[in-house]
Amino acid sequence: MGSLRSSAPDHDLEHLAAESLADYLTNALERRPRAQAKHARPGEAAATPRLPLAHKETEMTILEEQEAQRKPLVEMSWDPITRIVGSLGIYTKIDFENRQVVECHSTSSIFRGYSIFMKGKDPRDAHFISSRICGICGDNHATCSVYAQNMAYGIRPPAIAEWIVNLGEAAEYMFDHNIFQDNLVGVDFCERMVRETNPGVWEKAKRTRAEHAAEHGYRTIAEIMSALNPFEGEFYREALQVSRYTREMFCLMEGRHVHPSTLYPGGVGTVPTMQLFTDYLVRLARYAEFMKKVVPLHDDLFDFFYQALPGYERVGWRRTLLGCWGSFNDPQVCDYRYQTMSEWGRRMFVTPGVIVDGRLVTTDLVDINLKIRILLGSSYYEDWEREERFVDKDPLGNPVDHRHPWNQTTIPRPQKRDMGAGGRYTWVMSPRWLHDGNHLALDTGGGAIARLATTALAGLVDIGYVRATGEGVKIHLPKTATKPEVELEWKVPEWSNAIERDRARTYFQAYACACAYYFLEQAMSELHAGRTQTSTPFQVPEQAIGCGFHEAVRGVLSHPLVIRDHKIANYHPYPPTPWNASPRDLYGTPGPYEDAVQDTPIFEENGPDDFKGIDIMRAVRSFDPCLPCGVHVYLGPGRTLQLTHSPMFGAPR
Amino acid sequence: MADVAVSFTQRAPAVPEVHVLWITAGLGCDGDSISVTAASQPSIEDVLMGAIPGIPRVHLHNPVLAYEVGDEFMRHWYAAERGELDPFVLVVEGSIPNEDVKAEGYWAGLGTDPDTGQPIPVTQWIDRLAPAAVAVVAAGTCATYGGIHAMEGNPTGAMGLADYLGWRWRSRAGIPIVNVPGCPVQPDNFMETLLYLLYQLAGMAPMIPLDGALRPTWLFGQTVHEGCDRGGYYEQGEFAAEYGSPKCLVKLGCWGPVVNCNVAKRGWTAGIGGCPNVGGICIGCTMPGFPDKFMPFMDEPPGSRVSSGVSGVYGGVIRTLRRLTHDTADKEPSWRRRSTELHTGYHPRY
Chain A
0 MGSLRSSAPD HDLEHLAAES LADYLTNALE RRPRAQAKHA RPGEAAATPR LPLAHKETEM
60 TILEEQEAQR KPLVEMSWDP ITRIVGSLGI YTKIDFENRQ VVECHSTSSI FRGYSIFMKG
120 KDPRDAHFIS SRICGICGDN HATCSVYAQN MAYGIRPPAI AEWIVNLGEA AEYMFDHNIF
180 QDNLVGVDFC ERMVRETNPG VWEKAKRTRA EHAAEHGYRT IAEIMSALNP FEGEFYREAL
240 QVSRYTREMF CLMEGRHVHP STLYPGGVGT VPTMQLFTDY LVRLARYAEF MKKVVPLHDD
300 LFDFFYQALP GYERVGWRRT LLGCWGSFND PQVCDYRYQT MSEWGRRMFV TPGVIVDGRL
360 VTTDLVDINL KIRILLGSSY YEDWEREERF VDKDPLGNPV DHRHPWNQTT IPRPQKRDMG
420 AGGRYTWVMS PRWLHDGNHL ALDTGGGAIA RLATTALAGL VDIGYVRATG EGVKIHLPKT
480 ATKPEVELEW KVPEWSNAIE RDRARTYFQA YACACAYYFL EQAMSELHAG RTQTSTPFQV
540 PEQAIGCGFH EAVRGVLSHP LVIRDHKIAN YHPYPPTPWN ASPRDLYGTP GPYEDAVQDT
600 PIFEENGPDD FKGIDIMRAV RSFDPCLPCG VHVYLGPGRT LQLTHSPMFG APR
Chain B
0 MADVAVSFTQ RAPAVPEVHV LWITAGLGCD GDSISVTAAS QPSIEDVLMG AIPGIPRVHL
60 HNPVLAYEVG DEFMRHWYAA ERGELDPFVL VVEGSIPNED VKAEGYWAGL GTDPDTGQPI
120 PVTQWIDRLA PAAVAVVAAG TCATYGGIHA MEGNPTGAMG LADYLGWRWR SRAGIPIVNV
180 PGCPVQPDNF METLLYLLYQ LAGMAPMIPL DGALRPTWLF GQTVHEGCDR GGYYEQGEFA
240 AEYGSPKCLV KLGCWGPVVN CNVAKRGWTA GIGGCPNVGG ICIGCTMPGF PDKFMPFMDE
300 PPGSRVSSGV SGVYGGVIRT LRRLTHDTAD KEPSWRRRST ELHTGYHPRY
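Keeping their order, the protein sequence lines are chains A and B. Going by numbering that gives the first Met the number 0, the first residue of the first sequence is number 0, and it counts up by one from there. Going by numbering that gives the first Met the number 0, the first residue of the second sequence is number 0, and it counts up by one from there.
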């Protein structure tokens, strides 16, 4: 785990040198706009805020302070962001003198219209269609849609079908986190990139021994970085190959990737045989062997960044507000009924929950469901307060708010993009979670960190292969051909920042791998007991509501479904990226990408003329942005959309 | 990577280098780009690292994998427009939106116009780049025929690339639009097609053979049914009544008999997976009629009631006859037993 060494920093952030890290973080929190509630950090009394020495004792935002002192800011943008999925542009204002990002807006430029063209269609088509929302995690959508349909139709799948789905979804996590971490994010840490952005760090990397060289085979940090070079790096190429056999594992269970063919409401079409599970198992064992190398490799790489660049904890840091909607249902308990959702939600093998400032405040899916609010403020839509309410009360009789996705009507209002104060600038809405009267901008941290944190703190999961301890998670990978059984332990980190999001991703790959061993055992015992039926007959009711809760690879995923006249009347999926990429809401609360990138310090050694923004890129990619999921709502016919961009630095001629 | 200056086994390709400019910014999900990373026959790295002898050196510009970001990444697009990236193959992924159904604004944009500060619509990039490209490839059903985003009731007027450029469109090298459908495209189908075009550009293969819907004939010339390993059940009149049965799925929604696709034959990745061969009904995702003409997906296709009815009758008879033959084949010949005498038909002379 990350620990700060006391070696001299390469970069002297003089104006912050007088503060300890703890002071900095407290003060950064206090410098937020008024709208955010101020909570004490865990273990601290709610003390009077202390401001750093260099600033006056006011409540001004950094931007206001800068403008007051008339520091020149450089506008820099990266559009498109590459090595993610989908269309994302990041627009910033940077204070090069103080080496800090002062302002950040995120936008997306593609609109498709799922919530519109799905209306009036047969609900049984919902999972086939909604899978196409995303080209890397579509199966997560299909699975979540099937969960929502199960609830709406009043059915549950046979146990063996549930295990098959769990095995498929585990394979998806193993595949997707691997390719994103090592072929997309990894390039931000490769030799070529580090040489171009921080030559001093590269020199250091050549001299730094990798602590776990015996486990992964790379003697120095520089060797790890070289192995991450795109195509030429050996580990980069190995990761591509791993991404293929993990997709074979996925295809065994769900047919094809990314849009599955074998998922149906009430079960699967996959035929369970010894061959099916054996084929999966031999590949799983290869992956377990691989992860025994990859976890220490990434720990060495990420810990090195903390050592080589003291203060790197601040890159991509934001207040810990994490959401996880749970994954991997237990067929012994899960009947997909709303009335029992609180119970079976807690029995998921990834525990759902919301964490506020380090404290787990709920693990109840009904509670989670009822407090979701979709806000506007900086998005190109009209409000729907006067539109139809589809759902007044949930099946337990609780009132459902008009801002809940069940009751949402999407009314786009295209207009000029305005990134000034109070302006509208994006098609992404602002999902929030209501807690103690505050609309919290939860993030998923790219998925893994939230899943591991809620599971760890809830302390409920214990299947031998993985066990939640209350402050962490223990993961056991069994003996493989050339390596013994290994116990890995992930502990809830102190910071919700870029490095810890990335580290958690690797640990979750191991978590999913360990869970899959358990799922295989359960599936095979069903097979040997002769319980091989994989589907449940059903009828589509005339009227129904359903909600599916699942974890897309990148985080929270909910599919709220309303059926009328046997057809889809309303369908507004909320994947992780609308949460993460959301803009400032009407209360002024910025979205997670925005406030994580804002105040990020610049460690890159290049000046404005050849600036790559690598620290910003690492911050953004740590969230694993996936924009087809971020903007799947639509732009109406005959409407106009005019966007203006602030002048770009280095625009092509 | 050193250029191969001298080769004893290959003659130099007709063009030494080619760029692949990949637009993912149609209305899409990036699923085809992700799918291509699953290919192994050939893999992306096989092509990019020169593992295939004789073809030009390839430079790939795809946002999902690219090293560069933002303006640095977009400069290749501007260079291609100016003719500095010659020759290049333009690959398009995602449905082509209809930007003409409104007065202003955009459904899909890529990069920003330096003069106006406005996003550049993807259709404009297609207008600028298609005339300069040596070949244009549509990757995935959204780009080939419109796909999911072009379904009834859609707000963007989405369509396929051939609908946008014209079905008779030819590149400046005389190559038609090459459609590689699939939702997403099957990994090896795409890489094999790209490889064919590279052979063609190298002067090692003739014009790529395409059918009337602009699909490579060797990949899309058969139906799912013709390649499905459950076809035998169909012929014997044995149809699944529930999902999870290993039998033919036509009564549960499978459109295999009328869909051009080789996935049931070659599997999804490295021979693993697929659709009806592994229990997933075929929803026709490679076809121009997808998805509307196949919805609701889980209903029995109308035609299959007739064909499965006929097959049921024929199959019932055949199964009975086969059972008789099978029972015979399932018993060993009578002479294989312990005895002091030989009953095999051999007359010993000892």
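Keep in mind the hints are simulated off the structure, nothing from the lab. Here a beta-carbon is modelled for each residue, glycine too, at the ideal position from N, C-alpha and C. Treat each hint with caution, since some may be false.
What the hints assert, rightly or not - Here are some of the chain B residues that sit facing chain A, going by a computed Cβ distance under 10 Å:
hint	residue
1	S32
2	P62
3	G152
4	Q199
5	G272
6	I282
Now for the hints, and whether the structure bears them out:
{"no.": "1", "hint": "S32", "in the structure": "7 Å, holds"}
{"no.": "2", "hint": "P62", "in the structure": "5 Å, holds"}
{"no.": "3", "hint": "G152", "in the structure": "4 Å, holds"}
{"no.": "4", "hint": "Q199", "in the structure": "24 Å, violated"}
{"no.": "5", "hint": "G272", "in the structure": "3 Å, holds"}
{"no.": "6", "hint": "I282", "in the structure": "6 Å, holds"}
When each numbered hint is compared with the structure, a violation occurs for hint 4 only.
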